[in-house]
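Participant: Here is how the chains run, residue by residue.
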Amino acid sequence: MHTKDELLSHVRESLIELFEIDPERITLEARLDRDFELDSIDAIDLMERLRRLTGRKVPAESFRSVRTVGDLVDALHRLLETSTA
Amino acid sequence: VSLARQDAYYWRFAGTAFSFTLFGLFGLLLGIVVLPGLALLPGGGGARCRRARTIVRRCFRAFIEITRSLGFQSYRFEGAARLGQPGQLVVANHPSLIDVVFLIAFTPQANCVVKAAMWRNPFTRWVATAARYIPNAPTDRMIELAAAALAAGETLIVFPEGTRTRPGEPRVFHRGAASIAVRAAARLTPVLIQVSPTTLTKAEPWYRIPPQRPHFALRVGEDVAVADLAGIPPPRASRELNSRLLAYYAAQLPSTD
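Protein sequence lines, in the order shown, are assigned to chains A and B.
For the first sequence, position 28 (counting from the first letter as 1) is numbered 72 according to this note's numbering, and the numbering increases by one without interruption.
For the second sequence, position 210 (counting from the first letter as 1) is numbered 190 according to this note's numbering, and the numbering increases by one without interruption.
One should not assume that every hint holds.
What the hints assert, rightly or not - A partial selection of chain A residues facing chain B, derived with a Cβ cut-off under 7 Å:
hint	residue
1	L62
2	S84
3	D86
4	I88
FYI, nobody ran anything at the bench for these hints, they're computed from the structure.
Built from N, CA and C at the ideal position, the CB exists for glycine as well.
Just chain A, same shape as in the assembly:
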């Protein structure tokens, strides 16, 4: 089981390692597309890395509505909760 805090630190670590984003800019409200300029290929790279960290396949459909770092953490949390239930 992953808490939201653990998931946030996974996301934070991934954003820093993959995209060299300044840690201070990674807030729950930060927009992945506008603030970090991630495109659809970046999203795929990010999902792959999160899959390795969480040990679960992350279907792209569950991230259609993700805009911010907070959305991403929530979506991951929901996904992991339903898949372990």
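Given the coordinates of chain A, assemble chain B onto it according to the supplied hints.
Facilitator: Leaving out everything else, chain B in the frame of chain A:
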């Protein structure tokens, strides 16, 4: 280039209509008769797919030689013997509708990323299914399948522009091709395609045929380095590779006209 109608213009006009019909008939005949027939032969899914790709390659080659011998086009393909190596990602610029026909015709056992719409077109869907080509959408699925095909030792053809070039406009490569390359390509081989005068471009309907007989010049270029990008995070590696590719094409084929 003179705009006067030359090289048996009206013959070539009729020929263009004929070529489309021929291509559609090939597609239907393969889908309805040949491929289902081949599926009855012994061998598993892998053998069936290899047979389908062999048949498609021969049909495309026949299509090219028929349309050439009737005077509808001429072509020269340099270095084609270097196509078809295991784990090879073949990329090409995309000036005309039939670039993919040339590449598949000259690449043994080619896999290819093609428009997802091919699976909705009755003339192409059976071939696309039997040869297990990879639909270009959704992107995450495309990248996953493409990387798996290369890792399994297949040769994969991708057009990084995604769609045909609009003549005169700057060339744009989607990062999907570079992303596939950094994940799984053993080698990255660029093919340079020039069609003069242009024909069957994105910007004109099929019946607006060029005043002269079109000539297709295809050349297999030197491999573009990918090995040195291993170990760099994929978003950065694919961006770097995409700019290498664009720089290569800009140097070799400066104009998109």
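Participant: Each hint: holds or not?
Facilitator: Evaluated hints:
no., hint, verdict
1, L62, "holds (5 Å)"
2, S84, "holds (6 Å)"
3, D86, "holds (5 Å)"
4, I88, "holds (5 Å)"
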